[in-house]
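**Student:** The residues making up each chain are set out below.
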Amino acid sequence: MSFLELRNVSRSFGVGEAKVDALRGVDLSVEPGGFVAVMGPSGSGKSTLLTIAGSLEEPTRGEVLIDGVSLSRLSRNEKARLRRRTIGYVFQDFNLLAGLTAVENVCLPLELDGVSAKRARAIGMDALEELGLADRSNHYPDQLSGGERQRVSIARAVVGERRLVLADEPSGALDSVNGEAVMRMILSACKTGVAAVVVTHDAHLASWADRVVFLRDGCVVDQTTAPPSPESFLQPLSGLEDPSSGL
Amino acid sequence: MSIRHAILALLSTGPKYGLQLKQEFEATTGDVWPLNVGQVYTTLQRLERDGLVESDDPGSDSAHNSFLVTPSGEAELSRWLNTPPDLAAPPRDELVIKVLCALKVPGVDVTTVIQVHRRYLVELMQQWTRLKEDEADFDLSFALVVDAELFRLDSVARWLDAAESRLRRSSMEPRNESGAPLLRRRLVRWR
Ligand SMILES: Nc1ncnc2c1ncn2[C@@H]1O[C@H](COP(=O)(O)OP(=O)(O)OP(=O)(O)O)[C@@H](O)[C@H]1O
Ligand SMILES: [Mg+2]
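Line by line, the protein sequences give chains A and B.
Residue 217 in the working numbering is what sits at position 237 of the first sequence, and the numbering runs on without skipping anything.
Residue 312 in the working numbering is what sits at position 43 of the second sequence, and the numbering runs on without skipping anything.
In short, the hints are calculated from the structure, not lab data.
Accuracy of the hints is not assured; some may be wrong.
If the Cβ cut is set under 8 Å, some of the chain B residues that face chain A in the computed set are [unchecked claim]:
1. 390
2. 395
3. 430
4. 434
Even for Gly, the Cβ is constructed at its ideal location relative to N, Cα and C.
In isolation and in its complexed conformation, chain A is listed as follows (with noise of 0.2 Å):
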């Protein structure tokens, strides 16, 4: 059964001439441990469709299920202790708490959630060394250059018991470098049966994921196959010579 599913989900913004359709009857359905990577230019709704997917948005029509529950039938507190411990959600803008160190900033929702604190700092550290910031775990938010803010806000995201991450360009100021070790940290956690849906609009980290969806105007228009086998493309080096090196 999935994870989270989309059912014909559509979002509209405003009213007559001003009218936005963000979302026009998307369906989405992600596995527990599966991938999805959501590609698409700017403005064709890949934030609208993740913050309805984490039930921070509504939406104006369909449906949307995490675990095989509808989002509808909760309430305010079942809706807010949802995104506190099972959905890690990492914003387009990183969203980390100014007053708050690194680490601290990641262990929250843990402590939140009734980690003990000792435990939820080795565990914040264990992430933030993951993705190189170990040494930079006891500074604020306003220390940390956009890329190291934006790797502590993706361990905050996948740090504890998520069953569902959901990254909105997650390495939109990352070099590629880092930008594959958010890509790796995400995938191991889906190795755990994590479902991860990965907003972006960069080929390179889209073809991380195990399957790339492709929205445009607010519509789902296409989306990746089974990726051909290696061998079909490793083939002997013929007829590929230089001709300039003499052969």
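Fit chain B with the ligands to the known structure of chain A by using the hints.
**Tutor:** Using the frame of chain A, we list chain B with the ligands on its own:
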């Protein structure tokens, strides 16, 4: 890709046999570019003819000989390593030509054509990334080869993104009467 120079590079650490060169070439390129042993022998014969390598037993069957690089072979290798390949002339890219042609064909939705190619590129990239996930931590050459391929495919995917947004914008703008883009008109006049 020059097998000739790759062989000179492999010989720079000491004399080697043809079969050994084939195996080392494949290992150095992360096993991404299999090489047939016949190509290695042909290349060695030509390198010998040009005085860039020497065999320990000239005139006999190259399969049983070991080869070493000569001083002029070393000079050639150094020249090659430090000479940028010719990237100045744009290659005749088949994908670019397909998209340009699609613009001319009535009833063809260019955005759909672009998406077909984009999906194919992303699927290929997924495959390369999969290889990296399994092995790249252990083998530097392999990781470098895979990265090179991913960046190459990525640049094509980015070009498709740029083409799509350019199309979108141009469909919203009024056409200039001649139909020819301004920049191209200017370049034509320059010539
Ligand atoms: N609160 C809002 N009020 C009005 N329109 C909105 C609102 N939020 C989003 N939109 C519109 O909905 C569309 C989709 O926005 P969304 O933020 O989902 O795009 P996106 O794909 O995430 O783009 P980007 O790549 O630039 O982040 C856009 O046209 C946007 O202007
Ligand atoms: Mg967005």
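**Student:** Indicate, hint by hint, whether the structure satisfies it.
**Tutor:** Evaluation of the provided hints:
no.	hint	result
1	390	holds, 7 Å
2	395	holds, 4 Å
3	430	holds, 7 Å
4	434	holds, 6 Å
When held up to the earlier numbered hints, the structure conflicts with none and fits them all.
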